[in-house]
Every structure is written in C-alpha cells, then in structure tokens.
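A.B. asks: Taking the working numbering, the leading residue of the sequence shown gets 39, the next gets one more, and so forth.
By construction, these hints were calculated from the structure, which means they are not laboratory data. Here a beta-carbon is modelled for each residue, glycine too, at the ideal position from N, C-alpha and C. A hint or two may mislead.
[What the hints assert, rightly or not] Listed next, with one range per pair, are the computed distances between beta-carbon atoms:
#1 112 with 251: 18 to 28 Å
#2 60 with 150: 28 to 38 Å
#3 60 with 346: 35 to 45 Å
#4 104 with 217: 11 to 21 Å
#5 152 with 306: 52 to 62 Å
#6 190 with 318: 49 to 59 Å
[What the hints assert, rightly or not] Distance condition first, Cα-Cα at most 27 Å in a straight line; then the derived BS3-like pairs of lysine-lysine:
#7 149 with 306
#8 340 with 57
#9 285 with 149
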Amino acid sequence: MKKILITGGAGFIGYHLAKHLLINTNCQLVLVDNLQRGQMDRDLRNLIADSRVDFIQADLTDWSFYQTLPADFAHIYHLAAVNGTQNFYDMPAEVLRINTLSLIYILEWIKNLQKKPKLCFTSSNEVYAGTLAAFNQLPLPTPENVPLVISDPYNPRWSYAGSKLIGELLLIHYSQTYHVPAIIVRPHNFYGPRAGFGHVIPGLCEKISQRLDPMPLPGADETRTFCYIIDAVKAMRMLMDSPATDKQPAATVHIGGTDEITMRELAKKMFAVAGWQPRQLAIQPSPRGSVRRRLADISKIKNLVGWQPEVSLEQGLKNTFAWYQQTSKNCG
C-alpha cells in the first residue's frame, strides 16, 4: 500500500488529485488542509468517506504539527498555499509568510527522516511573469529556464510570485543538499469543476449565471492557455511515478495547454457553451502586474513522461460550466 500525503487536500487541485490517485486501489491518502480557502463541501465529504482517505485539519505553519505525522509516506504533494489574485493585493505579508514557512517546515521535517519521501512542489507561472515586464521580451512558447524576475517588489501582486520563487530555490537546494527526490511543477491556468471563483473561467461562469449585461471583461486582449484539471493531475502523478524525476537537484517542469487564446475569445466560447451572450462587453483594464501573454513550452514533460493534454478546451468548458450551474442550483 503506497501512502501519500497531500497538503491543501481540500482545495481545487488537491481534491482532483486525490480522486485521480484513488483510481489506483493500492493507495492510502492523507489530506491536510486548514479549510481557510478549501471547503468541506459535499464533494470533499464524499471523498473522505472512502476508507482509503484520512483528513486532518491543521495549520502547516505550526511546527508541532509535523511531530504528529507518520514517517512512512512514499510521496508528498505540497499544494497548500494562499492563492487568489485578490489575496495578493489584500494580504501580501500573509501570502509570503504562509507559503514560505509551510514549505520550510515540510523540508526541515523531511530532511531528518531516514527514508525520504518524494516531494512534489507546485510553483506557478507567476515566477517568470516579471521577465516580460522588466525586459519587454520573453520567449514564446516559454521554456522552464528563462530568467526569473520580480519586476516590482513594492507591487503586492508579486507576494505570491515571490513566495513561489523562494519555494523553488528552497526545493532545489534542500533536494541537492539532503538528497531528497523532488520535482517542481509550474501550473499554467488549471481549470475545471470546484475551482472557486477567483479565476477567469469560474468568474465567467458566475457572470453568465447572473446574466450580467454589459458584462465586465478585464484584459480582453491578453492571451493564456488553459489545462483541464483531469489532465493536470494526471501529469503530476506521472511525474511523481517516473524514475526519470528522482535525480537531485529537483527538476522544474511546466504543466499546461498548448492552444493560446485571448480572453475575448474565451468569453465567446463560454457564451457558446451557455447558449447565451450579453449584448455588450464592458472591456476593462487588466490588474496592475498582469502580463499580456502566457504560453508554456511543454516539450520537457513530453520528453520525460510522454504526457500531453487530452481534454479539448471546448469539452473542458462544457464540463466546468455544467458543474457550476448545478452547484448554483443546489445552493439556491
């Protein structure tokens, strides 16, 4: 029986990762979450009702918690972090404290274990967003080895990117110094059911449900790629299961889609899925610090484990919109 720890297990990625891992019946999961952002909703209650899943509500910035953890985990997925763009602006000091301290404590705990579990750290594509702002150039598609820049440390938006950049440094050097098998993944706009409302696709679902007209649309001409959550968690599991990622120091790998799309085009696709569209879009400026384009080079993960996204954007949007519509009805 493979024992796996998932921090942030009540969150969007954590929940879907747990469901994906349970497909393998030879798996025992421990989910840890403080439930400040993740929710003990019906989906999560159904998940932890499985006898192969244990749930612990805990504060990962409390060192005493780690003294209670068993030492027999094969894999650890560290997903817990304060995310959400509004939080970056509203509570940057807490974003930095929680995201950095929780990782330091996990690494300090692991380094003293006799048998070290393999660790997956979820970074973010935000870590190189400043490169484009600082130098007005960024290779597209963007490889993992571009220079990392915090273009404006006084802009609170960079609190999250800064915590992830420090996290990557911590993982690389703890991995090398203490021989910890580890992998760093940089997610690129994962989306799907149960993603909250702090991101563009859930936000569009909510605005469509409210029939907002004119409909606000920030950064209409900015481009992104999107990766459906089922594809994303499969990629994470494949990276963790592969011996190719056991080497130290930890490798950094992109997980993302390949089809670049503007926010205006994304909104049109959502309107088609919903069978409704507003008479007018209220185009708004992007939040300060947002980047114009994002397109990840995913050749590295293809070469390492043979992964590539399978769910089309159209199908993913249908699945996502249907879930948000059903959830809205259940809550109403």
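A.B. asks: All hints are to be evaluated individually against the structure, with a verdict given for each.
C.D. replies: Now the hints, each set against the structure:
no.	hint	result
1	112 with 251: 18 to 28 Å	violated (52 Å)
2	60 with 150: 28 to 38 Å	holds (30 Å)
3	60 with 346: 35 to 45 Å	violated (23 Å)
4	104 with 217: 11 to 21 Å	holds (19 Å)
5	152 with 306: 52 to 62 Å	holds (56 Å)
6	190 with 318: 49 to 59 Å	violated (33 Å)
7	149 with 306	violated (49 Å)
8	340 with 57	holds (23 Å)
9	285 with 149	holds (16 Å)
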